[in-house]
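Please work from the sequences and hints to get the whole structure.
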Amino acid sequence: MIKKLFSFILLLFSYLVLFSQFSWQKMNTVYPSSVDNVSIHYSIVNEQVIWANYWNTNGKVAFTKSTNGGATWNAIPAVFQYNDYNFRVTDFFAASENVAFLGTTFQNNIGRGRLYRTTDGGNSWIPIKDFATGLTYVHFWDVNVGIVVCYPDMNTNGAKKIEIFKTTDGGVTWIPKGGALLTNSKPNQIPRYIKDDLGDSFWFGSSDGEMIKTNDKGTTWTVTQTPYTSSHYDVDSKSLGHFAIIDANTAYFTDYNTGKLYKTTDGFLTEQYIGDPGFGRQTFLEKIPNTDILIAVSGSYNPGSLRGSKYSIDGGLTWVLINNIGRGNVKSKGIDATFAFGWDGLGGWDDYWRIVKLAGRPIDPQNPGTPQNPGTPQNPGNPQPGTGNDSDIFAIYPIPTGDYLHIKSKILLDSFSIWDFSGRLIWQGKSADNRINVSGLSKGVYSVSVLHQGVLHYRKFIKE
1 MIKKLFSFIL
11 LLFSYLVLFS
21 QFSWQKMNTV
31 YPSSVDNVSI
41 HYSIVNEQVI
51 WANYWNTNGK
61 VAFTKSTNGG
71 ATWNAIPAVF
81 QYNDYNFRVT
91 DFFAASENVA
101 FLGTTFQNNI
111 GRGRLYRTTD
121 GGNSWIPIKD
131 FATGLTYVHF
141 WDVNVGIVVC
151 YPDMNTNGAK
161 KIEIFKTTDG
171 GVTWIPKGGA
181 LLTNSKPNQI
191 PRYIKDDLGD
201 SFWFGSSDGE
211 MIKTNDKGTT
221 WTVTQTPYTS
231 SHYDVDSKSL
241 GHFAIIDANT
251 AYFTDYNTGK
261 LYKTTDGFLT
271 EQYIGDPGFG
281 RQTFLEKIPN
291 TDILIAVSGS
301 YNPGSLRGSK
311 YSIDGGLTWV
321 LINNIGRGNV
331 KSKGIDATFA
341 FGWDGLGGWD
351 DYWRIVKLAG
361 RPIDPQNPGT
371 PQNPGTPQNP
381 GNPQPGTGND
391 SDIFAIYPIP
401 TGDYLHIKSK
411 ILLDSFSIWD
421 FSGRLIWQGK
431 SADNRINVSG
441 LSKGVYSVSV
451 LHQGVLHYRK
461 FIKE
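Everything in the sequence shown is counted per UniProt numbering, starting at 1 for the first residue and increasing by one.
No lab work stands behind these hints: they were computed from the structure. Backbone N, C-alpha and C define an ideal beta-carbon position, used for all residues, glycine too. Heads up, a few of these hints could be off.
[Stated by the list, open to error] Pair by pair, the computed Cβ-Cβ distance ranges are:
id	residue 1	residue 2	range
1	154	183	13 to 21 angstroms
2	317	200	25 to 33 angstroms
3	404	33	54 to 62 angstroms
[To be verified] Subject to a maximum C-alpha distance of 27 angstroms in a straight line, what follows is the list of computed DSS-like cross-link-like pairs (lysine-lysine):
id	residue 1	residue 2
4	186	263
5	129	213
6	213	260
7	310	331
8	333	310
9	310	195
10	217	195
11	177	166
12	331	217
13	129	160
14	60	331
15	217	129
16	186	213
17	195	333
18	166	217
19	160	195
20	310	357
Pasting the structure below:
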């Protein structure tokens with residue numbers, strides 16, 4: 001009896017966590033004792049593996065890593081010192097638990113870039129390539145295929161356009177893809193601090209408001225002049241802000257100075273106004289992969305911004321406040337792998353450069369009672385007239401089920417998502433006949449959310 005009661009309490013607690021409102025959890029990163037416990041860059045490999053690094057103006061670089069989704073962090077003992085006063089880390093990308101790449105710039109009067117690589121989990125770092133100009137971005141699709149983006153070559157014989165190089169062997173050899181090959185790009189621009197990746201795509205903005213894009217892992221590149229005349233720039237009244245790729249032609253993005261949200265469906269040729277998250281200047285934006293959730297954060301240190309974070313599940317039309325603590329630089333690899341900077345939102349170096357992780361699940365603002373009261377497998381909810389959780393209108397059966405989960409509804413459902421007991425999103429899809437074939441699932445307790453007439457409904461079920 002006691003064992004059954006304990007199991008029930010554990011099950012109830014897991015359900016409450018699964019359907020709780022979004023919140024941010026502090027990550028207790030650990031660095032070697034000789035450096036500060038703050039992070040300048042972080043990189044998400046997957047839901048379990050996250051890297052971060054610290055560097056200072058004296059050229060000291062240190063690393064930390066988590067292999068359990070951020071629950072614990074371990075300092076990587078190796079700390080290397082670069083003695084060029086002008087040395088700085090410009091980008092950092094982890095391709096696996098053991099392989100990562102560090103982009104740096106040194107010799108400031110010349111502006112050269114150098115790329116380092118580790119293949120032993122960060123214990124040793126080897127310089128693998130020097131570039132003629134400053135290195136800005138590093139991105140890899142796996143441990144072998146990747147690109148770097150550098151400043152334009154301004155020498156007399158230089159291309160005077162942004163330089164891009166691709167490797168398919170982990171950085172041993174590099175093929176030029178930018179410079180004079182960016183025929184539609186204006187000269188004398190620089191890559192700016194707005195970029196995003198999704199699948200085979202990597203896009204970034206230029207100083208004159210161009211969007212430079214690849215959708216095939218860096219093999220080919222296109223250049224589009226956006227409706228904006230600059231990117232990530234305070235002075236220009238029409239400056240492009242942070243963006244989130246949806247597919248090869250679609251992205252959500254913000255106006256850098258106003259924080260208002262727009263959408264493009266033609267690769268940034270045109271824009272459509274969506275709404276306003278309400279944070280003002282330099283609103284960071286991210287879409288959580290395999291969901292309809294947009295995250296907007298801002299204001300940990302930026303004057304002219306309101307501090308806080310919000311989420312939207314309807315394409316940015318409405319926003320729900322997570323909290324009023326300032327956040328920045330939000331990134332996501334999934335519902336359980338979304339991170340940002342900003343600890344307590346009070347400003348200052350130590351506050352801004354500390355990592356937090358998004359926890360919980362979204363609450364539908366149109367139907368807030370449903371995720372909070374998803375019911376149990378034996379009792380699929382407490383019908384509340386007027387809340388959208390009336391089982392006479394919407395229900396699932398049979399419970400338990402062995403093959404098909406049927407949806408009771410007068411109209412066809414739009415889409416569904418299924419989570420396992422641990423809260424991991426395992427399946428998204430659509431149904432043509434208001435039933436879901438769950439025969440391939442293992443035995444256990446699952447949760448399903450169904451988008452029905454624009455409203456998210458949450459239920460639990462047992463798979464026999």
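How the hints compare with the structure:
Checked against the hint of 13 to 21 angstroms, the pair residue 154 and residue 183 passes, with Cβ atoms roughly 19 angstroms apart. Restraint check, residue 317 to residue 200: a C-beta distance of roughly 29 angstroms satisfies the suggested window 25 to 33 angstroms. Taking the beta carbon of each, residue 404 and residue 33 are about 58 angstroms apart, inside 54 to 62 angstroms as hinted. Among the hinted pairs, residue 186 with residue 263 is consistent with the structure: their alpha-carbon atoms are about 24 angstroms apart, no more than 27 angstroms.
Distance check on the hinted pair: residue 129 and residue 213 sit about 23 angstroms apart at the alpha-carbon level, within 27 angstroms; holds. Note on residue 213 and residue 260: the hinted pairing holds, with a Cα-Cα distance of about 23 angstroms set against a maximum of 27 angstroms. This hinted pair checks out: residue 310 and residue 331 have alpha carbons roughly 14 angstroms apart, not beyond 27 angstroms. With a C-alpha separation of about 18 angstroms, the suggested pairing of residue 333 with residue 310 holds against the 27 angstroms cut-off.
Only pairs whose Cα atoms come within 27 angstroms are accepted, and residue 310 paired with residue 195 is accepted, the gap being roughly 20 angstroms. With a C-alpha separation of about 15 angstroms, the suggested pair residue 217 and residue 195 falls inside the 27 angstroms cut-off, and the hint holds. For the hint linking residue 177 to residue 166, the alpha-carbon distance of about 7 angstroms falls within 27 angstroms, and the restraint holds. The hinted pair formed by residue 331 and residue 217 meets the criterion: a straight-line CA distance of about 19 angstroms does not exceed 27 angstroms.
At roughly 21 angstroms between alpha-carbon atoms, residue 129 and residue 160 fall within 27 angstroms of each other, so this suggested pair holds. Between the alpha carbons of residue 60 and residue 331 the distance comes to roughly 25 angstroms, so the proposed pair stays at or under 27 angstroms and holds. Restraint check for residue 217 and residue 129: the C-alpha separation of about 20 angstroms stays at or below 27 angstroms, so the hint holds. At most 27 angstroms may separate the alpha-carbon atoms for a hinted pair to count; residue 186 and residue 213 meet this at roughly 15 angstroms.
About 15 angstroms separates the Cα atoms of residue 195 and residue 333, which keeps this hinted pair within 27 angstroms; it holds. For the hint pairing residue 166 with residue 217, the CA-to-CA distance comes to about 9 angstroms; that is within 27 angstroms, so the pair holds. Under the criterion of a C-alpha separation no larger than 27 angstroms, the hint pairing residue 160 with residue 195 is consistent with the structure, at around 21 angstroms. Of the pairs offered as hints, the one joining residue 310 and residue 357 holds, with about 14 angstroms between alpha carbons and a cut-off of 27 angstroms not exceeded.
The structure agrees with every numbered hint stated previously.
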